[in-house]
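Using the hints, put the two standalone chains together into the complex.
Each chain is listed here by its residues.
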Amino acid sequence: MSGSGEPAVVFESVTKRFGDRKVLDDVSFAVETGEALCILGRSGTGKSVTLKLMIGLLKPEKGAVKIRGQNIVDLDEDGLSKVRRQIGFLFQSAALFDSFSLNDNLELPLARMTKKSKEEIDSIIQATLDDVGLGKDRHKMPAELSGGMRKRAGLARALALDPCILLADEPNSGLDRVTSSEIDDLLLGLKEKGKTTIVIVTHDVRGARRVGDRMAVLEKGRLLAIGKAEELENHENELVRALVSEKD
Amino acid sequence: MVAIQRYLEFTGKVGLFASHAVCRAVLPPFEVRMIFRQIEEVGWKSLPLVLASGFAVGLVLTLHTRSSLLRFGAEAMIPTVQSLSFFNEIGPLIAGLLVAGRVGAGIGAELANMRVTEQIDAIEALSIDSFKLLVIPRLIACIIALPILTVFMDVAGLTGGYLVERSISHLSLPLFLEQAFSQVGWATFIPPTLKTAVFGLIIGLISSFFGYTTDEGASGVGRASTNSVVISSLLIILSDVLLVKAIFFLFPDSAI
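Protein chains in written order, with our numbering: chain A, 1 to 248; chain B, 249 to 504.
Chain B with its partners taken away, still in its complex shape (with noise of 0.2 angstroms):
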């Protein structure tokens, strides 16, 4: 029974911190500078993390399938699989992941260590809407990141595919593109890319609440921090069953 009104409570507080933040970021001003910033820190500082980790998937997975598809013959059909499943579902999963692991508990950490340091009361003190200048950049930042990061890690995914199939078949990279290429429409890849979109909101949205809204001490930032991306990623996969299904429903041709 507490279990629930714990629960419930939750839900309820990251519900109206998540109305505030949409309230708070449609009314000027905007800050249009701090967003840019966290874009920086969110987007570019995440970049090697997502090329090297799409880099290593892409290889492992081209691997892995090669020897599946080989036993029933159909290798060739291996730059085909990759492609699909790289821009249907892992590249924007494991974009999503990487992103709360490190965005999150970075976002959790650094907020909530200016809480407890006093820094936000102090920008408060000065007359400036704290939630605006630190939550709503951040928010904003990773809803645009997301998808930029998901079309590298797509592209990095690719390139180490590439080179397993050209280290081991010798196939070129056009007939490799054209092949990767030929079942890839608009609708298998643009929704799928702009899911994440849905998953960099609930990153800034939850490590925002945790970092902002902790009022304890040193613990309360190890905590938040971790709190952050633990539920992130959590939501970020239950997210992921419904946006799928929203997208199969929305985009029938990317069902197939």
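If we strip away everything but chain A, and leave its shape as in the complex, we get (with noise of 0.2 angstroms):
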């Protein structure tokens, strides 16, 4: 990790609320750039939401979400898009669009989002699926493809765009733990390269301990501990330490 300059992502004080459910109660903590924190906590916690405002498809109701800077909770559409831009999601199902083939999931944002020629679109293409070891699957339909396949399939498609920020959700749910670990080598490779600031949302402490530089802890929406894991493995609260140790 870097740490140097302005933070990737910063959570000030921020509250989320579906109806009378408190989802995020008063959340603030900062991601450096370069750096891989994981998020770990029991399900319904609020981990998939956290990661959904940091890319603006959620807005909270009270505080300020910035990314590299930027305020993105009053932003307008337009705004909000030119943020997603440096933003790659893979989400937990990976959300391929099940009616294109994996070309062509890698083919719209980069045929709308860049000025690139045909032929630098298929190279991209090829290159970043042949990264995630999909580069012979190119014409496949997503329901050809496992579990595993749609994962990395998903985090082509993410990381397409060539994103300073990727945010994965859950990249490890579904899978055995062979798989599981060629995902993390993957998340693990694009973090040694350097550049690209990751959060993932996980319960694989593993993989979290393995990928990330800090694990945060949440619980009923609140940040409970955030930090090193070998800090967070003494840390006073029973859960935290739960959460974080490798111990089944």
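Hints in this document: simulated from the structure, not taken from any laboratory.
Fair warning: there could be bad hints in the mix.
[Stated by the list, open to error] Listed next, the stretches of chain A that the computed footprint assigns to chain B, with coverage defined by at least 3 CB atoms under 8 angstroms from CB atoms of chain B: (1) 48-58; (2) 89-96; (3) 106-115.
[Unchecked claim] Taking CB as the label site, the calculated pair distances span: (4) B:ARG414 <-> A:GLU119: 54 to 62 angstroms; (5) A:LYS140 <-> B:GLN431: 18 to 26 angstroms; (6) B:VAL250 <-> A:GLY19: 15 to 23 angstroms; (7) A:ALA111 <-> B:CYS271: 34 to 42 angstroms; (8) B:CYS271 <-> A:ASN237: 47 to 55 angstroms; (9) A:ASP26 <-> B:ARG272: 34 to 42 angstroms; (10) B:ALA435 <-> A:ARG112: 28 to 36 angstroms; (11) B:LEU486 <-> A:LYS195: 52 to 60 angstroms; (12) A:LYS115 <-> B:THR474: 31 to 39 angstroms.
[Stated by the list, open to error] Every beta carbon over 10 angstroms from chain A, so not counted as near; a handful from chain B, in silico: (13) GLU257; (14) PRO296; (15) LEU345; (16) MET362.
All C-beta atoms in this analysis are idealised placements derived from N, C-alpha and C, irrespective of residue type, glycine included.
See below:
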């Protein structure tokens, strides 16, 4: 992690409600540029909501969400669109467009968001798919892919525009340990290149400890703890210790 | 009281959705590729259903009108009655209802499924306007495809009618066509055919509304699909009443 300059992502006293239910309650933290932060917590504690707030798919009732210094809470669609171009999002279900081939899934953002020629787009698609090990599956439909391949395809699409921030929502969920480890390798490789800030929501402690520089623990919408794995292992809160412990 | 409130809420939401669609439809970029893709989905893939239904309705209608007109010794009018009833009402209405069933359910379910599986969120996350990419092309495709499908419906209906006449009274094709088109003018063909563009607008708008705005899980997909068909069909029939009155007012020749 570089840790220099302005943080890539800042949450300032963010509160988010769905009806009467408070999903996030006064949450504040920052993710430095080039850092990998893993957010852990029990189901329904607001982890995925945190990611969606970072990309402006949801708006908080209170507080500020800053991406590279810019508060995105009050931005209009055009402003949000500019911010989103800097962010790649890997959804929990991969969210591939099921009526498009893998090639078209990657071509869609490249053709619309860049002014690159057809040949350049083709070579970027091939290179990105090669990076995630799907170079030979370029013309397959999402329905023809396994769970792990779908996750890798989702990651390829998220990386197609070469974002400076990658948000990954449970990249290992529903995968066996080997496939899960392959996804972690890809994220680790990305981190080692040093220019991408990564925020991962996960239940997989092993992967989180491997990929993450720091971990954050959410519980009932509140940030219980944030820090390095070794620090959180000795945290005063039992839930924090349990969530970051590698022991089953 | 609650039902009225819900009805007003629904009407308001659909109205906002429609105004949003109109504003987005006239602003670039225009999703030409997606529009052609949707015209294929809505038009080309509905063609077998429309042709088969039109043919069957043409057969049955001729058999029924034949027995009725025979009582008055007016069987020579069968081709005329059939063409007028098809061009004026049966073709447009049945084409509208068939497409509402096939396409309305498809659009409602597809968009709702995309919402539930976060595909719409993924489009937004890629800085792409999901409304423009998903809703506008479907809307335009429905508006363009419906009048074309109606023409095919009319042709299939007349073909069915001719085959019945041919088998029973050995009527020749030129004579059948001459009788069928003797009372048909532009005013009895163009306005009723073009009114199906309004049916297309209703199908595209209602089914996209239910699919795009669903916020429930898997059950929401089924509900969006059912609501799309039910509300589209109902609005097609209701709007038909108003459109027929409007056509009679604007084109008095068609109200003979």
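Quick one: which hint numbers does this structure break? Sort them smallest to largest. 5, 7, 10, 12, 16
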